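S.K.: The lines below spell out each chain.
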Amino acid sequence: MLGLYRFLKYSAILGWSAFVIGPFLWALSTSFKTSEGIVSGATYIPWLQYKPSLEGWGVLFRRGGQGIDIIGPYLASLTVTLSASAISLVLGTLAAYGLSRFRYKAGPIKNADITFFFISQRIMPPIVLAIPFFLMLQAIGLLDSKLGLILVYIALLMPIAVWVMVDFFNNIPIELDETAMLDGCSPVKTFFRVILPNCKPGLVVAGLFCIIFGWNDFFFAFILTFTKTQLLPVAVVSLNSSVTPWWSLSASALVSVAPLVILAFIVEKYLSRGGLAGAIK
Amino acid sequence: MFASRQKFIFLLPGLLVLVAIIIFPLLFTIRVSFSSWDVMFPGLDWIGAKNYVRLFADTRFWGSLARLGLIAVGTVVIEYLLGFGLALLVWRELKFARFFRVLFLIPMMTTPVIMSVIWRTIFHESLGPLNHIFGLLGLDQIPWLSTAGMAVVSVMIVEIWQWTPFMFLLLLAGLMSLPKEPFQAAAVDGAGPFRTFFMVTFPLMAPISIGTLIIRLIEASKIMETVYVLTSGGPGTATETSSYYIYIRGLRDFQIGYAASLSVTYLVMMIVALTILAKILTKAFILKDKA
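Keeping their order, the protein sequence lines are chains C and B. Per my numbering, the first sequence starts with residue 1, numbered consecutively. Per my numbering, the second sequence starts with residue 1, numbered consecutively.
The shape of chain C in the complex, shown without the other chains (with noise of 0.2 Å):
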């Protein structure tokens, strides 16, 4: 009985690791093909099945017709990216702590509505907001800038943030301001000398997924930007709309998910702790 559990165990989290890593296995193998490896039918295994070529490599690097040129979209993405979720947090962050720590009051809104204004705007399905802010970017000349696009990154982020970060406050015991406020501590140094060292856990979590919710947009990027700034999911769509082959298609992606797979690796720890479980209820 125990060990037919166990298989049915072992089998289910196999099976399900298959599913998860299958796609990526399949970009790999494709990355590296020709097309004979591709023209005939699904192929798998190198040497064996087809002959490996780095062509679909390469490309990412070269520059003009044949070329991607890729280095350009990352760096943009990784400036918007790492841009609007560094602010996001901070401000996030700060508005997180006065909500769990003072009673905000503007005629019956009080710090709950607050909270909810910040955390319901993840409910604005992008499209509604597209066509405003594409007039509005271009009023302000930010149109197809990263400054515009970290603007409403910003917006898009920033709820992230205050859902995480109101939850781990309200896990910190007040106790720890009070002290520091009987030894003669303003609030606001309060925060910065005592409150902010014991955050750790919940900013990286907070940033983590600040960055991944900001990394993977493709819509605002899409709509807002058109040649002289281009983020990487762009990059790679418009590649899958022309005739791009497989090979180099597959290698674009593959190289755009890599950092956010090896971020998760590091900071898997944070995640899992528990810490989390609060912001859910």
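The hints are simulated quantities; they were obtained by calculation from the structure and are not laboratory data. Note that the structure is predicted; figures quoted are calculated from it, not measured. In this text, a Cβ means the ideal position worked out from N, Cα and C, and glycines have one as well. A few of these clues could be false.
One side of the interface only, derived from the structure: several residues of chain B facing chain C at Cβ under 10 Å [said to hold, decoys possible]:
| id | residue |
| --- | --- |
| 1 | G14 |
| 2 | L27 |
| 3 | I106 |
| 4 | P112 |
| 5 | W119 |
| 6 | S146 |
| 7 | T237 |
| 8 | L277 |
| 9 | F285 |
Keeping the supplied structure of chain C fixed, place chain B upon it in accordance with the hints.
M.R.: Coordinates of chain B only, in the frame set by chain C:
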């Protein structure tokens, strides 16, 4: 002491930035929805509720909403069941638990549109691996993206691949935060694994289950990118979700005014639907709690 003026230093910068970036565009969309703004006459005139009257009879829009509802609820329920199952599997003693935990998270780290590009090659009917493997197993070749029914299934498969990890992550975090005592008590009572799950684990997880389901429903209500890459809404309009339909009306046909009225209606419908779903979920889980 806590009622210091300094408290505004914390809240206001973030709040003002968010209000500035979100509220004006939203108000603008509402205003534009009462105009006839299109590619021929760009500008803000006032045509009353004409766009809303037109929308009322737009079966393609209502069809896209119904389809979105089906795809969103369908994928989220499947993601929940799979995510909960996987979380339970790696929760307790397991060899290489840490390795599998990270592995299971990977899809949510990847860019949905980019992985959809890869999925499109996987679903390719003659050159893709999926039909190839089906062939080796002696199964029928499946027209993954070219028939209405299978195209919906394909979109759902990609969504489930992408977002089950998110469900898994939150539910696992929930499981790890549960108190130990109820489980010890159940063990003392001699409850088996199934009884323990239904009498202890599941009820304790109810608030977390509700939370994760709602978060995922919110995100799923915006589905469009996978559709854009995999099927472009097709074949016909078989996989067209509301966001994608509004995108076509607004940014392909440049019927800005009409698209704005669709947007406002879509947003209101989503808020209403999600509020109702949240109520239903809360009731369902609490009823099960008592049973």
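S.K.: Hint by hint, say whether it matches the structure.
M.R.: Right, here's what the structure says about each hint:
1. G14: holds, 4 Å
2. L27: It holds, given that the least Cβ distance between L27(B) and chain C is near 9 Å, below 10 Å.
3. I106: For I106(B), the interface hint holds, since the closest Cβ of chain C sits about 6 Å away, which is under 10 Å.
4. P112: This interface hint holds because 6 Å falls under the 10 Å limit.
5. W119: Holds - the Cβ of W119(B) comes within 10 Å of chain C, reaching about 6 Å at its closest.
6. S146: At about 17 Å, which exceeds the 10 Å cut-off, the nearest Cβ of chain C leaves the hint on S146(B) violated.
7. T237: Hint violated; T237(B) Cβ to chain C Cβ min 16 Å, cut 10 Å.
8. L277: violated, 12 Å
9. F285: violated, 12 Å
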